[in-house]
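Just need the whole structure built from these sequences, with the hints factored in.
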Amino acid sequence: MTTHTLSDLFSVPQLFGYLAFAFGVGCFLQKSDLRFKIYMAIECVAYVVHFWLLGVPTAAASSAVSLGRSLASIRSRSPWVAAFFIGLAVSMGIWLYKGPLSLLPIMASCIGTTALFFLSGIRMRLLMLVGTGLWVVNNILSGSYGGTALELVILSTNCWTIWRLRRDAVSRLA
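Read left to right, the sequence shown gives residues 1 to 174 (UniProt numbering).
Don't read these hints as lab results, they were simulated from the structure. A couple of the hints might just be wrong.
Stated by the list, open to error - With beta-carbon atoms standing in for the labels, derived distance ranges:
no.	residue 1	residue 2	range
1	Val-170	Gly-99	40 to 48 Å
2	Arg-35	Leu-126	12 to 20 Å
3	Ser-11	Leu-119	31 to 39 Å
4	Val-170	Pro-100	35 to 43 Å
Heads up, the beta-carbon is just placed ideally off N, CA and C, and yes, glycines get one too.
Rendered as structure tokens:
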């Protein structure tokens, strides 16, 4: 686990983490799957820079794969495209492996790919919660302040949006 000082809170790497935080929260507030995926892509760009600057290459690579995956999932629901992104995430994970911490973002990326390509609405967001849990652990152990805050807020934001989607579905049935 990396130790950081109070002055690190506003370092350049952490500022990119905070940018990812803002777009990540915006992402999980969206009830529209299209807007969800667009916000997620922007969040991923900030995360790539954030984790690269923190020196966590597997998280940076996983975020880059997630960026491509988020954009591709807007246009395609093809199992072949999903398999490509899962294979890419696993390949990057093998190439950049530096210990057990390296596995967390790769697993999160594979789970996110499955959610974005094969699910929608509430079910997509429920599976994304599992990936969020993996990112929480990764970010805590990587010393990512903005990333940890982001994923913790995403947990609650995503639950709230799931509740709103469920409420809307129930009111349509009434």
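How the hints compare with the structure:
Here the CB-CB span from Val-170 to Gly-99 is close to 46 Å, well matched to the stated 40 to 48 Å. Range check, Arg-35 to Leu-126: Cβ separation about 18 Å, and the 12 to 20 Å hint holds. The beta-carbon spacing between Ser-11 and Leu-119, approximately 37 Å, falls within the hinted interval of 31 to 39 Å. Remark: the range hint 35 to 43 Å for Val-170 to Pro-100 is upheld by a beta-carbon distance near 42 Å.
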